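A.B. asks: Here are the chains, one letter per residue:
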Amino acid sequence: MTPKARKNKRLVGLFLLGCVLFNYPLLSLFNLETMIFGMPLLFLYIFTGWALLILLAAIATKTRQ
Amino acid sequence: MLETGGILFVSFGYISLLFAIAYYGDKRADAGRSIISNPYIYALSLAVYCTAWTFYGSVGLAVRGGLGFLTIYIGPTLMALLGWSIWQKIIRISKIHRITSIADFIASRYGKSTTLGGIVTIIAVIGIIPYIALQLKAISTGFLLISQYPEISVSFHFSEIPILGDSAFYIALLLALFAILFGTRHLDATERHEGLVAAIAFESIVKLAATLTVGIFVTYVIHNGFGDLFQKAAEYADLKNPLSWESGSVSSVIFDKYLTIKGPGNSYMDWSIYVFISMLAIIFLPRQFQVAVVENVNEEHLNKAIWLFPLYLLAINIFVLPVAFSGVLQFPDGSIDADTFVLVLPMVERQQLIALFVYLGGVSAATGMVIVETIALSTMICNDLVMPVLLRLPIETLGRLRDYSGLLLTIRRCSIVFVLLLGYAYFRTIGEFYALVSIGLMSFALVAQFAPAMLGGIFWKGGTRTGAICGLLAGFVIWTYTLFLPSLVQAGIISQNFVTQGPFGIELLKPFQLFGLQHFNRISHSVFWSMLANIGFYIGASIVSGPRAIEHTQAALFVDVFRFSGAASESHFWRGTANLPDLKSLLIRFLGKRRTDAALSDYADKRKLSWNYLVTADADLVSHAERLLAGAIGSASARVMVASVVKEESLGIEEVLNILDETQQVIAYSRELEKATAELQEANRRLQDLDRLKDEFISTVTHELRTPLTSVRSLAEILHTNPDIDEDQHKSFTGIIIKESERLTRLINQVLDYEKIESAQMNWVITSVDIKEIIQDAVASTRQLVEDKNITIDYELNDLPPPISGDRDRLVQVMVNLISNATKFCDSDRGKIVIRLTSSHKQVQIDVQDNGIGIKTEYQSKIFDKFQQVSDPTRGRPYGTGIGLTISKRIIDFHHGRIWVESKPGHGSTFSFSLPATREAALTR
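Chains A and B, in that order, give the protein sequences.
Here the working numbering runs 28 ahead of the position in the first sequence, where the first position is 1.
Here the working numbering runs 2 ahead of the position in the second sequence, where the first position is 1.
Since the hints were made in silico from the structure, they are not lab data.
Fair warning: this is a prediction, and the values are worked out from it, not measured in the lab.
Be a bit skeptical, because a hint or two may be false.
[Unchecked claim] Pairs of lysine-lysine residues, derived as BS3-like cross-links and limited to a Cα-Cα distance of at most 25 Å, are as follows:
{"no.": "1", "chain 1": "B", "residue 1": "K306", "chain 2": "A", "residue 2": "K35"}
{"no.": "2", "chain 1": "B", "residue 1": "K306", "chain 2": "A", "residue 2": "K37"}
{"no.": "3", "chain 1": "B", "residue 1": "K826", "chain 2": "B", "residue 2": "K774"}
{"no.": "4", "chain 1": "B", "residue 1": "K91", "chain 2": "A", "residue 2": "K90"}
{"no.": "5", "chain 1": "B", "residue 1": "K858", "chain 2": "B", "residue 2": "K834"}
{"no.": "6", "chain 1": "B", "residue 1": "K696", "chain 2": "B", "residue 2": "K758"}
{"no.": "7", "chain 1": "A", "residue 1": "K35", "chain 2": "B", "residue 2": "K91"}
{"no.": "8", "chain 1": "B", "residue 1": "K91", "chain 2": "A", "residue 2": "K32"}
{"no.": "9", "chain 1": "A", "residue 1": "K32", "chain 2": "B", "residue 2": "K97"}
{"no.": "10", "chain 1": "A", "residue 1": "K90", "chain 2": "A", "residue 2": "K32"}
{"no.": "11", "chain 1": "B", "residue 1": "K512", "chain 2": "B", "residue 2": "K463"}
{"no.": "12", "chain 1": "B", "residue 1": "K29", "chain 2": "B", "residue 2": "K97"}
Make a model of the complete structure from these sequences and hints.
C.D. replies: Put into structure tokens, the structure is as follows:
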């Protein structure tokens, strides 16, 4: 498998992860009227998940060619 | 400081700066030192996605719909992750085929169809005009707001402002000028505009900086950070709704309204559909196609853009909710439109500079979108709408025109002005009634209609032109019915009854609850029905309709773009040749003399050709010319033009299919063919062999039958004519007759057995069989034969294995066969046969060894085959029919055993067979 194909495989995996993270039913687990660290839970969840996804994408695309 | 004049000065100063950047970018590009050829600029240019809708509208959407505004940015984030799977493929295809717009892409994929290109263009224009209007509205609103600083106006009536007194009108004209200068500077085969991209990237920086500035100001200067704001918002909500204050420190009202996904119009379903359409929008919005695909310098830039662009989206959204809360706290009575909070909040705090910067941020978000979108649309309108019509019209002046490039540029420039004025007109008439977001989402829902034809086109070869047209039209019709017509209701053009009671009072056809579908908000309702119809018709019509030859070709070239090496392959499908001067003058008409010469000499250099000797352009050159033209006037028009000078038409469907097979599957296909041929030849050879063997077999059998018959008959005749023959002789003659008839019976039995086995009609009688008994029986029944030749039989029965399962009589038959064979080939008197029995826990093996003539190695593998006899020239025809061993092999095969021979000519042979020792193995079949 070429480095590019491997990279693409990882990114497709991240895409699927993102689809699961930002859709029902996982979303409903965090759709609660709760504050964590003074932040609303869902707000915190979405931004954390989003940032995590970006970080993983940055790592995934950083293969040495 | 903030007076109308000053603001105007700043606005136009900012746009002048854009001109300067674009000019510099173009200069550097001309000098060959690109400033945009790096992934950061590429990612920033993708951020043209964030328009005034993001800049002002996100806060508005957050106030109305809570966290739902994030879906518009989560979708693109997800799609960016598929950058290498989808974007790269689209970029590669577009580069190879010189595709410059989304209309051209779809038209080209489905057989360079002008109809399809036209449909896509019209849909795109209809979908995008309101979106452009939205930007102009934002600019105008922003200007009106800030020009009254420090007052804060409550509402505007755009219709009361004269057009010539509206700053948005002048800005629209300036943007048209910008787009004309930097978007249609010259006709280029690649349609890349470096200066433009540089300016767009700069605008992306400005709008992000402005958003972050106001976000930080509101969150950390007006309030004390996120936690403080959330707390205040909660307390405020408690005050407003005293009933809910018991439920804890944080009001559930604020959660219901802003911080959770709940209730009608904000369900998980709506959430997912918003994510879905924004995923599609990031690819199929014409401006995104322009910056991501057409303006892409290097595919590798995707690598960083895949995460930089989502990072940009995250950054621009992080302060949306705080600003929204702050606005709600500041204006609890709802007197101020939430779409303007971003600008109004710094104004309330009397922060002139921040307000001015935010205003500029809004301008940058709006202008960036307007510029790229109008250029993208003008390319489509020119190449896929106007040119195809013009080229077909019998206008004489056109025919006499030596240089079309001027005409093309004029058409594009006019389209730019046309699109912008149309956008402005929309804003003045209808746009006033709508919030920023609803207009944007309507556009998203419409461009999503391109997805089936586009994605189907690059991943599925089965999609046809008919399918694409049906799908697009179906989706468009549903979108019009469920979103566009109701928007006219809002503007008062159509009666309210249309929405509330359905057309002609038919409840089932109510545009927001089509066929009674409930629980969706308007946008997701429309997306659901239109995508269902679109995908359904696209696939359905594609399956039903047959593709034309050129659709086959294009489908293969698009779907397998990475398999074909570059552009060269298209010439395989285009057999035409053209007169070189004709072709050249065609190119000159559209590209101009200088660029035609440059392009052709470049082509010649690469292939080491010399123009001096060339009169005819071959297929390769013809398709190269077609691609050059495609860059300038679109693939569909290019095809029409090239066809007018090419001598031969393109290939018929059969030929294309053949060529496709050859090029695409040449190796696999031909190998398979070779294999099949070889198999056929082999089968044929075997049949011929069998035929020959059968002839020999019949002659052998008849010979074998005749010999005993002859002797029986002659002896019987002797006895008949000589009744007084003496006793001894009589006895000996009848003895021979009996023996010969036995031989005949045996022979006939063998033939019958053989026939039975071959036709699988043998009745097998499976019992428990003692191997030793079989040997004894076989030896007993061949005793006469053996004794006649005076051959000795030795036994080496080392083991006495337990009984096995099998057909006793058949196994005896095998044994008899082997012994009589051995007898046949042994010399009389000196002959010696050894019967050996060995066994293990797995199998039983019997060897019959003789010291006869032996069998040559090349015959050893054949003697068990049908009708095979080993003929030996020195001994003539052998005894027997040659079916004894075949029958033996079939019997042993039935018992799951194995039979073989080892032999050395002159030293005798050993025939062996083995049988499984276990009952189960022998019985399972």
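A.B. asks: Could you run down the list of hints and mark each one as holding or not?
C.D. replies: Structure-based check of each hint:
no.	hint	verdict
1	B:K306 <-> A:K35	holds, 12 Å
2	B:K306 <-> A:K37	holds, 16 Å
3	B:K826 <-> B:K774	holds, 23 Å
4	B:K91 <-> A:K90	holds, 20 Å
5	B:K858 <-> B:K834	holds, 20 Å
6	B:K696 <-> B:K758	holds, 17 Å
7	A:K35 <-> B:K91	holds, 15 Å
8	B:K91 <-> A:K32	holds, 14 Å
9	A:K32 <-> B:K97	holds, 20 Å
10	A:K90 <-> A:K32	holds, 11 Å
11	B:K512 <-> B:K463	violated, 37 Å
12	B:K29 <-> B:K97	holds, 23 Å
Violated hint for the displayed structure: number 11, the only one.
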